[in-house]
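Participant: Put chain B on the given structure of chain A with help from the hints.
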Amino acid sequence: MSDLNERVQEITINMGPSHPAMHGTIRLLLTLVGEKVVKCDTQIGYLHRAFEKMCEANIWQAIFPYTDRLNYVSPLMNNVGYAQAVERLIGIDVPERTKYIRVLLCELSRIADHLTCIAAASMELGAFTVFLYCMEARDLIWDRIEELTGARVTPAYVRIGGLARDLPEGFNERVCSILPKIEKVISEVDGLLTNNPIFIDRMRGTGIISSKDAIEIGFTGPCLRATGVNHDLRKRQPYLIYDRLEFEVPVGSRGDNYDRYMVRMEEMRQSIKIIRQVIKDMPDGKINIENTMYILPPKEEVYNTIEGVVNHFKLIIDGIQVPKGEIYDATEAANGELGFYLVSDGSGRPVKCRVRSPSFALMQGLEKMVVGGYLADVIPTFGSINMIGGECDR
Amino acid sequence: MNRELILKIKEDFANDIISFVEDRDMPVFVIRREALLRFVTFLKECAEVKMEQVTDITAVDWFKKREERFEVVYHFYSYTFNHRLRLKVNLFENDAKVPTITEIFSGANWFERECYDMYGIIFLNHPDLRRILLYPEFVGHPLRKDYPIDKRQPLVKLRRPEESRERP
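Each protein sequence line maps, in turn, to chains A and B.
Be aware that the first sequence starts at 1, since it is given in our numbering, and climbs by one per residue.
Be aware that the second sequence starts at 1, since it is given in our numbering, and climbs by one per residue.
Next comes chain A alone, as it looks inside the complex (with noise of 0.2 angstroms):
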């Protein structure tokens, strides 16, 4: 047996960039023994477009569009995150009406990048129906997002202090349309693979962490949740209008593939249990603070008063004056924890502006997660991690 096991090589295989399975942005150096991976080298930064450098050069509002280009698939928590980071640095508070609309488009945005993970994951496992039906059903949200902001993938609809706009007409009767439509394909997703055979034995087992080292290494949201820490900062640090939300917070057991997805799917129920009640209370009134010093001034005293003009200038210019301080502001965003750490020396520009994105931290558990297992069980660990390009490389 020792003879056979001399005569074993290791192997170095190159998975990715360019492979279909690596979303074009990872590149894993896998050193494998027969089937076996026994070291993996990730090795990431292919997307790496200089985040930070550009903040410190653009003065406070001028970067929501680049906050859009973090997770691609859920902009408007990012835009969302990072206008809470200034507004707490600042030390305003938004009106009630907004508060309500953000948390609803926080929740459309987390269905819709829990959809794109199961979609992409069950489609590199050969579940090609399953894709199309989530593509179906991220539409419908995709399309309410840009009758509302006019983009579909960047927004850039946040406001440091409010909104770009306020909802349209019938907006949330028609976002109640989409509801049951939606459930209607997680059912149905659900039925074509939680207990399907060929889906559990790719998923289950393969891709384990323990609860131990996912926290130490700095694993947030549904991948720490799977592995059985009941943490969510929408319960334990309640932010926008959470603690007045009735939602539970599914916690899986065993940490591998099958848990992060069942996790993912728990959390698309949750979220819509959540949009109807927001829409049920969502109250009228404004959605901008009155403070002219953070908010551009309305459009009629812009054109008809020189008071009107000055501030619209000078904000546009010299930047929102924000205070002198530091803060390190966490919201749950889809993947877990997006945290803005911004520096500000009281100009309109940021010294600093640094993002703890989830996708980094979950990409450094990876070699943990598919050392020991088989080189096929890459594939679905890296789609239920649901690694994000642009929030990782930044």
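Treat the hints as calculated values from the structure; they're not laboratory data.
Accuracy of the hints is not assured; some may be wrong.
[Claimed, not checked] List of simulated lysine-lysine pairs, DSBU-like, C-alpha gap at most 30 angstroms: (1) K50(B) <-> K368(A); (2) K50(B) <-> K235(A); (3) K368(A) <-> K36(A).
[Said to hold, decoys possible] Covered stretches of chain A, going by a simulated chain B footprint (3 or more residues, C-beta under 8 angstroms): (4) 324 to 335; (5) 348 to 360.
Note that the Cβ used here is the ideal one computed from N, Cα and C, for glycine as well.
Facilitator: Leaving out everything else, chain B in the frame of chain A:
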């Protein structure tokens, strides 16, 4: 974190803490570099602090604004107690080195690599201090304030596949 706990930490590390602020989001400690490992070990092992995760490691460049140019910033989070803490170490430009905390928190690995990649701060005894987001031939460290935003990089010679296997 409650007041008594902070007082206790301040007493225990009286000689090592340079400054302390209770910021609007979390307590912030600035600590001497020599005491970093001891302090981080304490944060992880003390039963009342119990920081289980290093959420983020980054740096701030105070080029021409402060004598000590770099500030390495650590964020910790405790799942048990649901509290956060920010830790800072100040570094001079000609001595931008700090011991790695990967032996205490293995999750610090990539964050420290990124910090090295972007700011050129050396993490002593780091197991694998390579560039992470940029390629090995990249010249300079782009998030330093004296790195011009429109600087161009030299073209990279074609690498043979066997050369690209291990990045230096």
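Participant: Run every hint past the structure and note whether it holds.
Facilitator: Tested hints:
no., hint, result
1, K50(B) <-> K368(A), "holds (24 angstroms)"
2, K50(B) <-> K235(A), "holds (20 angstroms)"
3, K368(A) <-> K36(A), "holds (13 angstroms)"
4, 324 to 335, "holds (count 6)"
5, 348 to 360, "holds (count 5)"
Violation of the numbered hints given earlier is absent; every hint is satisfied by the structure.
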